[in-house]
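Chemist: What follows is the residue order along each chain.
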Amino acid sequence: MTRLAWLLAASTVLAHPAVAQNLVNGSLVGDRDAPNTLTLRLTSDGPGNNYPATAEGYNELYSDFIRNHPEWKIEMQLMSDNIGQEQARMLEQARAGRAPDCAAVDSFVLPQFISNGVLASFSPYFSDEEIDQLFPFIRDGITGEDGEIYAWWWNTDLRVLYRNETIVPEAPETWEELKEAAIASTEDGMEGLLFNGGRWEGTTFDWLANYWAQGGDLVDEEGKPIFGEGENREKFLTAVNYFKDLVDSGAAPRRVANIASYDDFVAAAAAGTSALFIGGNWQYSQLEDTLPAETFEQWTFSPIPGPTLEERSTGTGGWTFGSFSDDPEKVEMCANLVREVYMGPANALQQQLPTRADLYDQYEVFDTPANQTFAEALDDGRARPGAAIYPEISNQIQIMMGDVLTGSKTPEDALDDAYQAALDAYERL
Amino acid sequence: MTVQAHKVARLPWHERVGYRFAGQPLPWLLPVILILGFFYLYPVFDVFRFAATDVTLIGQDYEYTSRTIQQTITNNDLPFILWITLIFTAGSVIGQQLLGLIIAMVVIRAERRRLFGPTILRTTALVAWVVPGIAVGLIWQMLFSEAPFGGLNSLLRMFGISPVYWLSDPQMAMWSVIISNIWRGTAFSMVVMYAALKAIDPVLYEAAEVDGASGTQKFRFVTLPQLRAAILVNMILITIQTVNTFDAIIALTGGGPGRATEVISLYAFNIVFRNYDLAAGSVISVIMLMISLILSVIYALFLPKGDTT
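Protein chains in written order, with my numbering: chain A, 3 to 431; chain B, 69 to 377.
None of these hints come from the bench; they were simulated from the model.
Yeah, the Cβ is synthetic: ideal placement off N, Cα and C, and Gly gets one too.
Treat the hints with care, as some may be off.
[What the hints assert, rightly or not] Listed next, with one range per pair, are the computed distances between beta-carbon atoms:
#1 B:142 <-> A:217: 33 to 43 Å
#2 B:110 <-> A:27: 29 to 39 Å
#3 B:225 <-> A:132: 50 to 60 Å
#4 B:225 <-> A:375: 35 to 45 Å
Model the full structure from these sequences, guided by the hints.
Modeler: Here it is, written out as structure tokens:
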């Protein structure tokens, strides 16, 4: 080989990482002069992630993607953490024809986007084989009444009970066992059980597992609130009283009434002040990243306890991508992005549970005992109702939880107020 | 044709236009009126229009109806929300006004005595003012955290004082929100009071001293009357700002626990973005506008009619 050839080969090898890095430049992915533009609105599940290693991983995935589509560039718009507002604003923009070409849509508001007819069909861009591999509740969630799929649900999650095994050796399996374990942990100087109880969606979603475990429903088939009537009312009160008793008995600290972030649990685990919390499956890797190795070894998780051994449930959520564009090329590009970046690679990068059974075997990261357990726990999973009234029901449950946990109202009064408010809101929708 | 008219006729066309409209305010104000009208008045008009409909964020059609106004005004939650807003606004305005005046007086006194530090004090107070509301909420969330490692409670424990339920006690949560808002807004009041204090004629104080007035008497009979206009203007501005405060509260408490800190701006936000009820949210927005206008008129009635400074 001549000296020139060596020089060229060496420069190619050296230049490659630089090119890969340069393809994601701030909010732009790809060549600024590329003829086609895809506007993309996304959460922190992208190059803007707060964790440097995750952000770097997404940089590489996006760089590889745009290298495969050199005639395109992506203009990224980052959503704030206020997901409810972001999604409502995007729905309004979509109705006015001002939405981005491609966007992350939270799975629990997806039915509203589909029913408003603002999303383009993804059916032409995904094979039947790919669609058939989706878990049934995922497939149902993205399918419209006409049988077309209008989004791609790429990750799902669930809630579990985390515990420090050195303080709580046995996994509590029922409400009573959890209460006893939490009180016992306070005798070791811990705060007791931590859970979301403040004014945000996590409070409703995490608590709903206790209501769903008894077979309760929030809305009927038409989407009308029914949680304050008949058997549902009894189940609802039982689940509310359970949380109230946790605080009143000292099994949970009073401050849960203001916890409105999963990060608070990781902080408490890192500070060594709590041995029990109800959190999301994604927090397992956060604990691993945050805690010293020997401390992380002490932490494990188990399904959320139910009122009895047989009654179990857990909330499942996740994110989808959909396209608001009228241009078939942009819709296809959006579908390509989901397939090539998110459907598998991003799941593995963030250890977020895939929505396709076959992906659990394709990526080593999902072979770990932890992720296998999470996948099995999805059997008890239940998604929030896709009714338009759900965000207001959730708002009312958050208000009710605050009032009950602080003793401002009795569970019965708080439930009656929440139910009446939800019905009034339903009448206006 | 007069001499003046001859001179004007010889001017370039654009200067002739200027002469033609000299003394007529409308042509000069027209660009501002158009810009304000388009960017401010039109959205306000739209809010009034939506308030008279049943429009939602998710429905396709809407109709004009008075039902939204009736249902929103008679909603059982509204009186409590207004009460919460009143406590929050009164606490914040009184606190900001008092602290702003005290800090401004300390700065002025320090400057007169050529002491070290008034610039640092002024700058420190201003830093709080320029911090975005969301960041203010997050900063105070860390300070008020009731976790064993929470900022203020850790400090209290060091002095053997029992921890305080800053955010999980409904009554205390309101005070915590007010404290954070006072911290954020005091700098603005300080700047207004500082400028007004600087403008007071020193001769008035000299005359008071000649008359044997004590420090308290000088403050009561010279400083306060001279500051009257500035205090009222400041109160109008910070009242309107406080009624519309939203970002710091949503970051600090989200309106909770329960509805303990859900002020009217947050209530409007929840109606629109949780329940997608754009029409009811518009009614609340109109109520907020009315509150601000009424308060402004009341304050303005107490403003000195002549120039007192």
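Chemist: Each hint: holds or not?
Modeler: Hint by hint, here is what the structure shows:
no.: 1; hint: B:142 <-> A:217: 33 to 43 Å; in the structure: 36 Å, holds
no.: 2; hint: B:110 <-> A:27: 29 to 39 Å; in the structure: 37 Å, holds
no.: 3; hint: B:225 <-> A:132: 50 to 60 Å; in the structure: 57 Å, holds
no.: 4; hint: B:225 <-> A:375: 35 to 45 Å; in the structure: 39 Å, holds
No hint from the list above goes unmet by this structure.
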